[in-house]
Structures are given as C-alpha cells and as structure tokens.
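Enquirer: Residue strings, one per chain:
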Amino acid sequence: MKPIKQNRFFLLAVLVVLTGVFALQSCNSGNKESTETDQLAPKVMEKIVGEEVAVLTTPPMVPPPITRKTSTKVIVKLEIIEKEMRMADGVTYTFWTYGGSVPGKFIRVREGDFVEFHLENNPNNKLPHNIDLHAVTGQGGGAAASFTAPGHESVFSFTAMNPGLYVYHCATAPVGMHIANGMYGLILVEPKEGMTPVDKEFYVMQGDFYTKGSYGESGHQSFNMDKALTETPDYVLFNGSVGSLTGDNALKAKVGEKIRLFVGNGGPNLISSFHVIGEIFDNVYPEGGTTLNHQVQTTIVPSGGSAITEFRVDVPGNYILVDHSIFRTFNKGSLGILKVDGEGNKDIYSGKLDDRIYQPESGASQSMPNEAIPTEIKAKNKDERITAGKAVFAANCQPCHQVDGKGIANAFPPLAGSDYLNANPLRALGHVLNGFSGEVTVNGVKYNGVMPKQTISDEAAANVVTYVLNSFGNKGGEVKPEQAKSARK
Amino acid sequence: MVYLKGGTYVPLYSLDTLKSIVKPFQMDVYPVTNNQYLSFVLKNENWQKGKAIQLFTDSTYLKHWATSWSLGKDSNKIKNAPVVNVSWYAAKKYCEYLGKRLPTVAEWEFAAMASETKANASTDSGFYQKIVDWYAKPNHNHTLGNIGGTFKNFYGIWDMHGLVWEWTQDFNSALTSGESRSDSSLDKDLFCGGGAVNAKNLKNYAAFMRYAMRSSLKAKYSVGNLGFRCVKDVIVH
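Here the protein sequences come in this chain order: X and D. Number 429 in our numbering belongs to position 429 of the first sequence; there are no gaps in the numbering. Number 75 in our numbering belongs to position 75 of the second sequence; there are no gaps in the numbering.
Hints listed in this document are in silico derivations from the structure and should not be mistaken for laboratory results. Be aware that one or more of the hints could be misleading.
With a cut-off of at most 20 Å between alpha-carbon atoms, the simulated SDA-like pairs for lysine to any residue come out as follows [unchecked claim]: (1) D/220 <-> X/155; (2) D/130 <-> X/155; (3) D/137 <-> X/100; (4) X/126 <-> D/137; (5) D/130 <-> X/94; (6) X/83 <-> D/162; (7) D/137 <-> X/92; (8) X/382 <-> X/482; (9) X/227 <-> D/162; (10) X/126 <-> D/220; (11) X/453 <-> X/396.
Among chain X residues calculated to face chain D with C-beta under 7 Å, some are [unchecked claim]: (12) 82; (13) 94; (14) 125; (15) 126; (16) 128; (17) 150; (18) 172; (19) 173; (20) 219; (21) 220; (22) 223; (23) 225.
Since we're looking at a predicted model, the values are computed, not measured. We put the beta carbon where it would ideally sit given N, CA and C, even for glycine.
Starting from the given sequences, assemble the full structure and let the hints guide the process.
Expert: Laid out in structure tokens, this is it:
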C-alpha cells in the first residue's frame with residue numbers, strides 16, 4: 001500500500017473530460033484513436049550497432065537493466081540439461097531444464113535487438129528438445145528452427161520487435177510432458193525507452209507438477225501422465241520447488257524500496273491468481289504487455305503468460321507470495337516470502353492494538369480477563385482435556401501446522417514427533433499464549449517465522465497443548481490451566 | 001536372429017486410416033555392440049573413426065572410442081554395451097556388410113509393441129508408463145549398460161526399450177508421409193499442439209517421444225544414446 005494515494009476524484013474528473021474529448025473526436029473525425037500509434041503498422045527495423053553476449057540469470061535473479069540506447073546483436077546461449085533435483089524436502093524429480101534451473105534462465109533484451117539464439121542440447125540428455133519463445137514473430141516461435149538432438153546445437157535468429165515479458169518453453173512432442181518437467185522461462189523485451197528504475201527486481205515463475213506419489217511422498221517421483229491429463233497436480237510451485245522462496249531463500253528488501261516482480265506461469269495447465277499477502281500492486285502490466293493498471297490486489301497469470309507487478313514496500317514484515325487459488329498454497333506448495341526489514345510506521349499499519357472480548361448481546365465490549373471465560377466447560381480429566389483440545393487445535397492451529405501436525409516445509413514447523421515440543425512442553429505453551437518469532441530448529445530443520453499470540457483462555461491453551469502432546473506421535477503428558485496462567489507474559 | 005511373422009501396425013502418424021502391413025522378417029536379438037562394430041571397422045577401414053567421409057558422419061562419430069581401431073582402456077566396460085555415436089549411413093553400411101538391413105519404422109515399432117508376455121501390449125498402460133519413465137531419465141555418466149540388461153520380449157528380442165534409441169531405415173519419414181499428398185502442410189506437425197494433429201493415439205507418450213527423437217535426427221548425426229540393430233527379409237516360398 002502506498003502512503004500517498006492518488007486523488008481519485010481528480011482522476012475521475014480527468015477521465016470524464018477525456019471521455020468527452022474522445023466522444024467529440026469520434027463524432028468529428030470518426031477516428032477515436034487518432035492520438036495513439038498505430039500498433040498494426042509495420043515495425044521499423046532499427047540499425048544494429050555492435051554485438052554482445054546476453055547475461056542470463058538463475059531465478060529469482062534478473063539480469064541488470066539495459067542502459068544502451070541503440071539496438072544491438074545479442075547472442076544468447078542456452079543449454080538444455082536433464083537432471084535430478086530437489087522438489088521438496090525428501091522428494092526428488094527429474095527436471096528438464098533450460099540452463100539447469102526451473103524456471104530456466106532469465107533472458108533480457110531490448111526492443112529492436114537482433115537476437116542470435118544458440119540452443120545447446122547436452123550430450124548426456126536422453127531426448128531431443130527445442131524452444132518456442134513467445135517473443136519471436138515467426139513460425140513456431142523458433143520451435144522448428146531450434147529442434148535439436150542430444151549432443152547437438154541449433155542456431156536461429158529473430159528481431160525482438162514487440163516489447164513485453166514473454167514466456168519461452170519447449171514445444172517438442174509430447175509438449176505437455178516437456179513443460180510439466182520444467183521446460184519454461186521468461187524473456188523480457190525492454191521497451192526502447194527503457195523501464196522506470198526500481199530498487200529490486202525478482203523473477204518468479206509458477207508451474208504445476210504431476211508426480212506418481214502424492215504431495216510430500218518422499219523419494220524420487222516420476223511424471224504421472226494421467227494426473228497431467230486430468231489436470232490434477234500434486235505440486236503447484238514457484239521456481240520449481242517447495243521452499244524455493246522461503247527461509248534463507250526468501251526474497252529480501254528494505255522498507256521504502258520499490259519492487260518489481262517479473263511473474264511468469266509455465267503451466268502446463270493451471271492459471272495463477274497471483275497475489276502478495278499484505279501488499280497492493282501499485283502498478284501491474286497485465287499479461288506482460290504495455291497496458292498499465294493500478295491498485296491491483298490479485299492479477300491473473302495465464303498458463304504460458306506473464307505479468308509485471310510493481311509496488312513500494314512501506315512497512316516491514318513477511319509478505320507472502322501466493323496463488324490465491326489458495327489450496328494450491330496451503331497444500332501444494334505455491335508459497336514464497338518477501339522479507340522486508342526496516343522501521344515500522346504505525347500510521348500505515350498499527351499491528352494489533354487491543355484485545356477484547358466481543359459480546360454482541362451486551363452491546364458493549366470489555367477487556368478480556370486473564371481467567372477462563374465463565375461459560376467455558378472445564379475439563380475434569382486428561383481425556384476430556386484432549387477431546388476439548390482437539391477442537392481448539394482445529395480452530396486455531398491447524399491452518400498452519402496442518403491437520404496431521406506435520407506443518408509445511410520451510411514455513412511452519414511440525415508438531416508431529418517434534419523434538420522441540422517434547423523437550424519442553426511449557427515453552428510451547430508460552431508460544432501459544434505469548435506468540436513467538438525468530439529462528440527455531442525443529443527436528444534438525446531451521447525455521448524463521450512468526451507465530452502470532454493466540455487469544456484463547458488458560459483452559460483452552462492447556463487443552464490444546466495437552467492434545468498435541470498426546471497426538472502425532474508425541475510423548476504424552478498433561479498441561480494444566482494453572483500452568484497456562486503463570487506462562488502468560 | 002528371431003523370426004517375426006509380421007502383421008499389422010497402426011503408425012502414430014499416418015495420413016491414411018489403413019494399418020501398415022508388416023511382412024515377415026527376422027530381427028537381431030540384441031542391439032549391435034561396440035565389439036561387433038569394432039570388428040566391422042577393422043575390416044572396413046573407410047568407416048574408421050577419423051577416416052570416415054564427413055558427408056556420412058559428423059565430428060562426434062565414435063567419440064567414445066579411444067582410437068580408430070580400439071575401444072581403449074574402457075574396453076571391458078563398453079565392449080558388450082550397444083555401439084552409439086554412429087551415423088545412419090554407418091549403421092546402414094554395417095547391416096549391409098552382413099547381408100542385412102536397418103529395420104523400417106513399422107518393423108521396429110511392430111517388434112516394440114511386445115511386452116514380456118504379450119505380442120501386442122499397445123493397450124497396456126503400465127507397459128507404456130515403464131517406457132516413458134526410462135525416456136524421462138537422462139543418461140548417467142556417459143555409459144550405457146550391457147546388452148541383455150533390460151527385458152526379453154514376447155518374441156525373444158532383448159532391449160527394445162530401456163537401453164538405447166535405435167536408428168531405423170526411414171527414421172525421418174514421420175514428417176514426410178511418402179504418400180501422394182503434398183507434405184508442405186505437415187512439416188511442423190510435431191511441435192507444440194500441432195503434434196496432436198494426425199496422431200492416432202494421443203495417450204501413447206512413449207511413441208510420441210520416439211517419433212520426436214527420430215525427427216530430430218539427420219543421417220550424418222552421432223548421438224550418445226543412439227545405436228541400432230539389423231533385420232533381414234524372409235523369403236516366403
């Protein structure tokens with residue numbers, strides 16, 4: 001969100017005036033687009049000055065902005081590598097990659113550049129491949145010209161005539177399988193006039209994956225054709241793996257910086273509802289084109305399409321990148337984090353200021369006492385405590401720690417068989433009541449997130465911790481409401 | 001060699017709706033090995049590495065061999081592995097030298113339809129999935145396994161799937177039908193969604209991958225996982 005919003009009334013007034021002008025023009029000349037460039041006119045080919053080798057980057061990095069003011073010959077060398085890589089903790093997959101990563105290397109050229117493209121198919125690869133760049137005007141987007149057997153290299157060239165952010169992908173039969181195995185990436189054709197400078201640029205690309213085993217099933221997973229045909233992926237991922245953009249891999253920025261995300265979607269099947277939790281996109285170039293949209297919460301990124309989003313980060317926090325088709329985020333892996341450090345600003349965002357009980361029938365709210373709510377049924381024994389705790393868990397803990405208590409890799413630590421929990425249940429009780437943030441190691445894996453303070457009674461807190469201790473393979477035990485009372489800070 | 005009495009085979013890509021008739025033929029039980037190919041080049045000097053005509057081979061021809069006339073120190077490791085990095089011209093010559101020829105796509109595919117237990121496993125999705133799984137894995141450390149390491153099919157032929165790609169006589173004909181109709185509208189059919197045009201079985205990913213592989217080749221190419229085996233006509237009296 002921006003601290004200074006545009007004056008909407010002013011904007012509206014301008015729109016009204018403009019609409020009037022256009023209406024007048026259409027009456028007078030019958031050509032309401034007379035002030036715009038004719039997009040369909042033949043493109044003027046620019047003089048090509050010099051030659052350079054393109055800098056290609058691995059996600060989430062983006063090559064530096066282009067500063068030259070002339071068109072040049074750009075040589076792009078992209079190697080196809082079939083390799084086994086991590087898909088999630090304990091899960092591997094044989095990805096087919098452009099340059100060794102999923103998505104493939106980011107390519108950045110300038111409108112008018114003459115691109116000489118070298119597609120190299122590594123000799124150890126099993127299969128022939130090619131590349132269809134959506135930035136190419138010409139049959140197959142280069143697919144036929146770049147069709148390459150293992151151990152060979154194809155060269156073709158094109159002029160990047162249209163500015164925009166374009167997807168590239170493999171188009172060898174069976175095309176869906178090549179894409180499903182990770183063969184896609186982005187090529188940016190910067191407009192001649194360049195792009196507005198920002199402080200940070202990142203490369204994020206979504207893809208859906210179809211594995212033999214279900215989400216999280218460990219071991220090497222192979223491609224499952226039936227799931228691909230029915231479009232029921234087990235994984236929906238940003239940058240090719242669970243955790244590619246969380247923990248140590250989180251995108252990082254400082255308060256006040258302007259951020260530009262080059263967002264792509266390789267598919268092969270799903271359309272992304274791309275959203276950053278806690279931010280509003282000040283600018284969006286929908287579908288990677290040149291139209292500019294403002295104040296966007298969620299933008300659609302089609303399969304085989306892109307979007308450019310820009311925003312200023314005004315207050316610190318962890319901003320979560322999601323596909324707002326939200327089960328994909330909670331259960332299939334499409335989760336990234338933009339970690340913003342710096343000074344807070346209470347005017348923009350206060351955080352929680354107060355904590356009260358809301359009682360509609362009384363017509364007034366009152367402060368929450370630290371005792372149990374009077375109407376609450378108190379558990380008489382451990383079994384009742386466990387039963388009651390299960391409901392508390394479902395209502396408060398389950399969204400993050402998951403119904404099986406296993407948490408979500410790199411985001412929310414497991415409660416199931418948790419060494420951290422079993423070592424000190426009262427510490428866990430404290431986290432429930434007081435919240436917790438910072439680094440913590442659970443079962444050998446580091447997490448660095450925030451657990452909010454749970455506004456529940458001593459009784460409920462004791463019940464839920466007791467439930468967790470007696471579930472998910474934990475060591476058992478009981479926590480009493482008195483202990484919860486003294487654990488409150 | 002193994003005798004196959006032939007039959008019908010429906011090509012993945014074909015313009016007519018007729019099945020291809022595969023006449024009786026004999027097929028090598030195994031792909032040709034490095035050792036076998038070595039004996040060939042020792043007797044046919046003009047097919048030795050470094051001496052073969054560049055029109056018929058590329059610069060990586062037999063690149064995994066130490067010299068023109070020996071397999072080098074890896075000999076024991078590779079002598080019984082399928083020979084790879086050979087061009088179509090070279091493979092064709094090898095077969096002809098032994099009074100044989102390369103199989104047609106139809107013959108190769110006909111023999112390859114067989115699983116361990118069935119002559120025609122073309123409706124067995126488990127069989128296809130196994131093949132696709134193999135295609136989906138890159139080669140490991142440049143070395144292939146020895147012949148006879150995968151499975152023996154219904155006909156008694158080994159290693160049709162899971163070891164190497166194999167040259168066929170008409171490997172590049174998927175895109176040019178050979179029929180009377182002009183091919184100009186077909187030329188890029190294997191790409192992207194176009195790959196689905198004219199295809200007979202859209203779920204046979206294994207067949208798609210073989211057709212794509214064959215189409216990516218030129219006759220002088222050498223590829224590190226592409227070998228061959230030979231067939232022979234059967235004279236029916």
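Enquirer: With chain D as the partner, please determine if residue 219 of chain X meets the hint condition of a C-beta pair closer than 7 Å.
Expert: For residue 219 of chain X, the interface hint is violated, since the closest Cβ of chain D sits about 14 Å away, which is over 7 Å.
Enquirer: Given residue 225 of chain X was flagged as interface, is its beta-carbon under 7 Å from a beta-carbon of chain D?
Expert: 6 Å, holds
Enquirer: Does the interface hint hold: is residue 82 of chain X within less than 7 Å of chain D, judged Cβ to Cβ?
Expert: Hint holds; residue 82 of chain X Cβ to chain D Cβ min 4 Å, cut 7 Å.
Enquirer: Are the Cα positions of residue 227 of chain X and residue 162 of chain D separated by 20 Å at most?
Expert: 23 Å, violated
Enquirer: Do the numbers back the hint for residue 126 of chain X, that is, is its least Cβ distance to chain D under 7 Å?
Expert: Since the shortest Cβ distance to chain D is 5 Å, the answer is holds.
Enquirer: Check whether the Cα positions of residue 126 of chain X and residue 220 of chain D lie no farther apart than 20 Å.
Expert: Holds: residue 126 of chain X and residue 220 of chain D sit about 18 Å apart, inside 20 Å.
Enquirer: Any CB of chain D closer than 7 Å to the CB of residue 150 of chain X?
Expert: Because about 5 Å separates residue 150 of chain X from the closest Cβ in chain D, which is inside the 7 Å limit, the hint holds.
Enquirer: With a cut-off of 7 Å on the beta carbons, see whether residue 125 of chain X makes it to chain D.
Expert: 6 Å, holds
Enquirer: Need the status of pair residue 83 of chain X, residue 162 of chain D: alpha-carbon distance at most 20 Å?
Expert: 18 Å, holds
Enquirer: If you take the shortest Cβ to Cβ gap from residue 128 of chain X to chain D, is it below 7 Å?
Expert: Cβ of residue 128 of chain X sits 3 Å from chain D, so the hint holds.
Enquirer: Go through the hint on residue 173 of chain X and say holds or violated, using the shortest Cβ distance to chain D against 7 Å.
Expert: 3 Å, holds
Enquirer: Can the hint on residue 223 of chain X be confirmed by a CB-to-CB distance to chain D that is less than 7 Å?
Expert: 6 Å, holds
Hint compliance for this structure: hints 2, 9, 20 and 21 are not met, and every other hint is.
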